[in-house]
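**Q** Add chain B to chain A, keeping to what the hints say.
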Amino acid sequence: MLPPMARKAITDDPKKLANLIDLVNLPSTLREFVGQSQISRLGFFNSVWSYIKTNNLQDPNNKNVVNCDEKLKMILLGKPQIELAELPMLIKLHFPKDPK
Amino acid sequence: MRKKIPPFLRPLNLLRRNYQTKSHPLPTQQLTSTPPPPPPPPPPPQQPYSVSSDKRTKKNSLQPSPSTKPIFTSRSLTDAKKTFDYILSTSPFPLDTRHNNSLLESYTQVATLDDSISFLAHMRMKQPSFSPDSSTYNVMLCQSCKLHLSFVDDLSIVRKVLDFMAADGFSPGHGTVDLVVRFLCSVGREERAILLVKEFSAKYSPPDIFTYNFLIRHLCKTMSIDSVYGFIDEMRDSFSMKPDIVTYTILIDSVCNRKNLREARRLIGVLGEAGFKSDAFLYNTIMKGYCTLSRGSEVVGVYKEMMEKGIEPDVVTYNTMIFGLSKVGRLDEARKYLSVMAEMGHFPDTVTYTSLMNGMCRKGDAIGALRLLGEMEGMGCEPNSVTYNTLLHGLCKSRLLDKGLELYEVMKSKEMKLEPASYATFVRMLCREDRIAGAYEVYDYVVESKSLTDCAAYEGLENELKWLKKAKAKAQGIA
Numbered sequence: 001m002l003p004p005m006a007r008k009a010i011t012d013d014p015k016k017l018a019n020l021i022d023l024v025n026l027p028s029t030l031r032e033f034v035g036q037s038q039i040s041r042l043g044f045f046n047s048v049w050s051y052i053k054t055n056n057l058q059d060p061n062n063k064n065v066v067n068c069d070e071k072l073k074m075i076l077l078g079k080p081q082i083e084l085a086e087l088p089m090l091i092k093l094h095f096p097k098d099p100k
Numbered sequence: 001m002r003k004k005i006p007p008f009l010r011p012l013n014l015l016r017r018n019y020q021t022k023s024h025p026l027p028t029q030q031l032t033s034t035p036p037p038p039p040p041p042p043p044p045p046q047q048p049y050s051v052s053s054d055k056r057t058k059k060n061s062l063q064p065s066p067s068t069k070p071i072f073t074s075r076s077l078t079d080a081k082k083t084f085d086y087i088l089s090t091s092p093f094p095l096d097t098r099h100n101n102s103l104l105e106s107y108t109q110v111a112t113l114d115d116s117i118s119f120l121a122h123m124r125m126k127q128p129s130f131s132p133d134s135s136t137y138n139v140m141l142c143q144s145c146k147l148h149l150s151f152v153d154d155l156s157i158v159r160k161v162l163d164f165m166a167a168d169g170f171s172p173g174h175g176t177v178d179l180v181v182r183f184l185c186s187v188g189r190e191e192r193a194i195l196l197v198k199e200f201s202a203k204y205s206p207p208d209i210f211t212y213n214f215l216i217r218h219l220c221k222t223m224s225i226d227s228v229y230g231f232i233d234e235m236r237d238s239f240s241m242k243p244d245i246v247t248y249t250i251l252i253d254s255v256c257n258r259k260n261l262r263e264a265r266r267l268i269g270v271l272g273e274a275g276f277k278s279d280a281f282l283y284n285t286i287m288k289g290y291c292t293l294s295r296g297s298e299v300v301g302v303y304k305e306m307m308e309k310g311i312e313p314d315v316v317t318y319n320t321m322i323f324g325l326s327k328v329g330r331l332d333e334a335r336k337y338l339s340v341m342a343e344m345g346h347f348p349d350t351v352t353y354t355s356l357m358n359g360m361c362r363k364g365d366a367i368g369a370l371r372l373l374g375e376m377e378g379m380g381c382e383p384n385s386v387t388y389n390t391l392l393h394g395l396c397k398s399r400l401l402d403k404g405l406e407l408y409e410v411m412k413s414k415e416m417k418l419e420p421a422s423y424a425t426f427v428r429m430l431c432r433e434d435r436i437a438g439a440y441e442v443y444d445y446v447v448e449s450k451s452l453t454d455c456a457a458y459e460g461l462e463n464e465l466k467w468l469k470k471a472k473a474k475a476q477g478i479a
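If you read the sequences in order, they're chains A and B. Here the first sequence is numbered in UniProt numbering, starting from 1 and rising by one per residue. Here the second sequence is numbered in UniProt numbering, starting from 1 and rising by one per residue.
Note that these hints are calculated values from the structure, not bench results. All residues carry an ideal CB built from backbone N, CA and C; glycine is no exception. Please note that the accuracy of each hint is not assured.
Stretch by stretch, here's where chain A covers chain B in the computed footprint (C-beta under 8 angstroms, at least three residues) [unchecked claim]:
#1 427–435
#2 459–466
DSS-like cross-link-like pairs, simulated, lysine-lysine; straight-line CA separation at most 25 angstroms [stated by the list, open to error]:
#3 450(B) with 15(A)
#4 146(B) with 160(B)
#5 63(A) with 472(B)
#6 79(A) with 304(B)
#7 203(B) with 160(B)
#8 79(A) with 469(B)
#9 412(B) with 450(B)
#10 63(A) with 412(B)
#11 79(A) with 466(B)
One chain only, chain A, in its complex shape (with noise of 0.2 angstroms):
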């Protein structure tokens, strides 16, 4: 059902690459949060995700779940409860493309 999965790893794309790992500078509400002004998208996934589990905002029920607290609020479009599984999309809504 689902498509082929002819996937190309990432690495052999230096376009997609660069995408995921440049230094992008932040807008103000995502600088607040990480505290720095400059970050990539790869880094601030990884910062937002070892923030969901140092401060325990898994749903103890279901894993998949996030809690978000005030502060998560708001970087993640202001949703009081997200999936794990948009978390990738959601931040990359922060990283634009660059028009060509």
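**A** For chain B alone, coordinates are given in the frame of chain A:
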């Protein structure tokens, strides 16, 4: 101020400075008592090398930097000489060649080549008993290679040492050229190595077969096969350096890796014409070649040929065969050879079992592969990370996630790394079973254990989640 000190007192001055400022590794008793002034350097009766004399004057005009740490951290020649004189005069026993070599090595690590040569000359002058042997020169060569060759794309340094060596009556031998060739290959300067070998062969003697084969193996990895042939031909025509069976095995392996079966066959023919008797290594290489070309079925033919020619197969032969047969799905035969192997007195090892498991997993028999793991451990054969990765991959492919999770826990307890393929399938299964948190946990483990780069790990996770979202959207659309 320093210039006013008469030259014969300078060593003493330096010595004091050493005592006062640096932690010189010398007994403390000496530290308190004023050390006896070392004998003033006798006027050199003759300068063995003209280089040394003019070098020294030049260096004297440039004042040495005031840091003389044990033993040599300053690249200044004067300082080094003083330190050496001091060591020589205070040493309770005469220095032998090994001491001298390590002193020279230590200085060469920091100094320029010219200075090192002068330093060696100084050492010889001070100790008439010290006669440098070829190892002394090799030490010098090795160090200067390390120091200079990584930056300078130029062989003049090597040439200089070789000439210097030859001038001292030591014809640079096989060991010398081997050192340089290995060093050049390790920094990826194969072209330079070729140049050097040719030059060396013309001037002194051709390299020995080990150096030659080492170089060929390196060339095969980095250059086109035609240029390797060119080099071989040139060595044969100009210096009558003939390839041997090992060379041919390397070549066959290389062309097989490039999936050039026709060339491999031609090489086997050439080998026979050259009068070499093929050995187990060669046949193993040919088998491996077939496996790389996904023609595992042909290994049986090679095996039969081996038996006909009376060549004793070894563990590698059987492992390659079992691997090849498993890969193409002829598992029953692979199993048969497992018993043949035992009959011939070879114990199947981790590689053998992993190959079999790989074959079983490819056929979708992950349960059978898991059973084989038990069998293997029962035989006292320790599975390695490849084994576990193969199994994890197979289990996930067969959608046996629970078993996969169990295995993953074992892997974690053994701190094994995950391979890209098994990571991808594992995460995919976890996501499809809606165990997103589990997938995140695996992501953490992979990043922490440095199995994959952060990017590759994240990309795998993100991709799976993307597919999941699309699949869900589709399912909702249908419903």
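**Q** Each hint needs a verdict: does it hold in this structure or not?
**A** Status of the hints after comparison with the structure:
{"no.": "1", "hint": "427–435", "in the structure": "holds (count 4)"}
{"no.": "2", "hint": "459–466", "in the structure": "holds (count 6)"}
{"no.": "3", "hint": "450(B) with 15(A)", "in the structure": "holds, 23 angstroms"}
{"no.": "4", "hint": "146(B) with 160(B)", "in the structure": "holds, 15 angstroms"}
{"no.": "5", "hint": "63(A) with 472(B)", "in the structure": "holds, 19 angstroms"}
{"no.": "6", "hint": "79(A) with 304(B)", "in the structure": "violated, 69 angstroms"}
{"no.": "7", "hint": "203(B) with 160(B)", "in the structure": "holds, 13 angstroms"}
{"no.": "8", "hint": "79(A) with 469(B)", "in the structure": "holds, 18 angstroms"}
{"no.": "9", "hint": "412(B) with 450(B)", "in the structure": "holds, 13 angstroms"}
{"no.": "10", "hint": "63(A) with 412(B)", "in the structure": "holds, 21 angstroms"}
{"no.": "11", "hint": "79(A) with 466(B)", "in the structure": "holds, 20 angstroms"}
Violation of the numbered hints given earlier is confined to hint 6; every other hint is satisfied by the structure.
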